[in-house]
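Given these sequences and hints, build the entire structure.
Residue numbers (my numbering), protein chains in the order written: chain V, 1 to 181; chain L, 1 to 297.
No lab work stands behind these hints, which were simulated from the structure alone.
The structure displayed is predicted, hence computed values, not measured ones.
Every clue listed holds true.
Cross-link-like lysine-lysine pairs, in silico, DSSO-like; alpha carbons within 30 Å at most:
#1 L:124 to V:43
#2 V:43 to L:168
#3 V:83 to V:114
#4 L:124 to L:250
#5 L:3 to L:18
#6 L:124 to L:288
#7 L:82 to V:172
#8 V:107 to V:91
#9 V:4 to L:186
#10 L:82 to V:43
#11 V:43 to L:152
#12 L:206 to L:267
#13 L:13 to L:64
#14 V:4 to L:168
#15 L:82 to V:125
#16 V:83 to L:82
#17 L:82 to V:52
#18 L:288 to L:233
#19 L:82 to V:170
#20 L:268 to L:228
#21 V:4 to L:82
#22 V:43 to L:149
Partner residues are not named here, just some residues of chain L that face chain V (Cβ under 10 Å, in silico):
#23 81
#24 84
#25 112
#26 115
#27 116
#28 138
#29 139
#30 140
#31 163
#32 165
#33 175
#34 177
#35 179
Listing some non-contacts, in silico: residues in chain V with all C-beta distances to chain L over 12 Å:
#36 60
#37 106
#38 177
Each residue gets a CB set at the ideal place from its N, CA and C atoms; glycine is no exception.
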Amino acid sequence: MEVKVEGVSDFANESYARICQDTFRDAGLRSNIDHVYMHCNPKEFIFIIVAKIGRVSRPVTVWDITLQEGKKLRITTERYAPKLLALLWDKYGEKVEQVGRLELLLKLEDNEIKELLDLVLYDPKDDLVTRILYALDTIIPEGARVRSPMHSTNSVTIIASENPIGEGQKNKAEEIVSKYV
Amino acid sequence: MYKIMMFEGGVYKFYELKELVGDLGGFILQESVMQTETMMHLAFPEEDEREIRNKIKELGGKYKELPLAGTEIIIVVPSLGKHHAVDPMCDIAEFLRRSGAITNMMGLARGVGRRIAQMTTQEKQMIEEFDAAVFIFGTFEECIEEKVKLCKSIDIPYIIVGGPSDMKLEHYVGGVGRKTARMRSKDEIDLLYNVASELERALAEKRLDIEEDPIAASPLFIKDMIEKTIPPKMGEELPNIIQLDGLRVKIEEEDIEKIKEIEIGNKKLSEICEIKKSVYTGYLLEIKSEAVTGALF
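This is how it looks when you write it as structure tokens:
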């Protein structure tokens with residue numbers, strides 16, 4: 001992930017580039033973002049930040065996080081366990097029984113089990129924009145509470161200020177988007 | 001005058017050190033024994049430092065100066081949100097504690113932004129209860145310039161910590177700015193040393209004032225007398241905090257009359273102290289100067 005911050009002193013540029021790197025890393029988004037451009041203007045208190053969405057990991061299926069042992073299913077990635085149980089109980093009801101902490105007993109036919117293994121458990125695309133917006137909110141200075149988001153298929157842009165955002169600033173953001181995305 | 005220092009060492013014969021401090025008319029301010037390791041904050045008359053040092057050497061312990069000991073400091077940030085907490089405010093607070101200060105943290109209700117940044121009267125009153133304040137204001141020069149105006153009306157020594165390294169402000173430490181991780185590299189630790197020494201410089205003026213016009217009794221002595229009358233409850237941490245010219249006492253409202261009656265020399269505590277309820281927590285005891293109260297002994 002490439003980060004470019006402009007508009008302020010070298011120290012502030014470096015400092016905010018570091019903040020961008022760390023925030024996207026903490027949000028688990030570094031591999032999903034191609035590059036980030038931030039324009040800071042503390043004199044007018046306007047901040048424009050653009051994140052270009054890159055490659056998104058493929059959806060997680062039941063097969064990815066479990067091991068099949070006959071009619072038993074062993075969960076290998078525990079963090080998906082609640083989601084998996086909710087999905088299976090919703091779809092198969094009492095036919096799926098939790099016999100151990102990470103062990104499920106399936107009272108299903110073989111073809112049904114095959115179908116079950118292909119079920120999509122979580123698609124990172126679903127909440128990608130929400131997670132990006134959360135990260136951008138963490139990066140932008142807290143005082144810049146007036147926000148104007150611009151969303152396209154491959155980027156997320158936010159204009160933030162403590163004053164009302166005018167057309168001039170929106171046009172500038174569009175220029176930045178067309179240049180960097 | 002008392003000198004406050006820290007002792008670190010084993011438990012072997014450390015009670016002898018405690019006895020010596022007591023015999024010299026000193027106090028044990030904090031004590032923590034962790035299995036075989038002991039840490040104590042000692043206060044003793046300045047002229048007896050050699051004797052204490054010799055005893056510590058005999059016990060094989062370490063001896064550390066605490067330049068900010070006996071002070072209560074408040075660390076003020078524009079808000080307690082994820083943008084300002086926990087770094088760098090906690091790093092700075094922890095470093096000041098290592099230098100002996102008692103620290104408190106405060107996030108302003110409306111301190112964020114540049115034009116919209118404010119400080120309420122209540123917040124100002126709260127800050128002024130402490131010996132000194134450390135204001136931590138982000139990365140941008142323009143914002144710091146604006147926020148400094150808020151601090152101008154503060155009546156206690158204060159320092160400003162910010163990002164740009166070359167701002168022409170009094171008691172300013174630059175190079176910190178906004179952080180997303182702990183300040184643990186060598187350069188960052190040097191910056192924390194700068195913050196502690198700048199704070200020491202800011203406090204030097206107040207210390208000089210107190211030296212020129214001495215207070216009636218040492219806060220350490222008053223603290224000891226209060227704890228003899230109202231012993232601290234089990235598990236209560238720092239119920240009475242010493243400041244440069246007073247104390248913060250965390251007691252119940254019904255105990256306040258008991259405290260007023262405590263005899264310090266030939267006067268009562270209420271005669272040598274101004275006692276008022278703190279806006280922040282507990283009661284504040286502001287010790288009057290000796291010139292006002294007259295000699296106590």
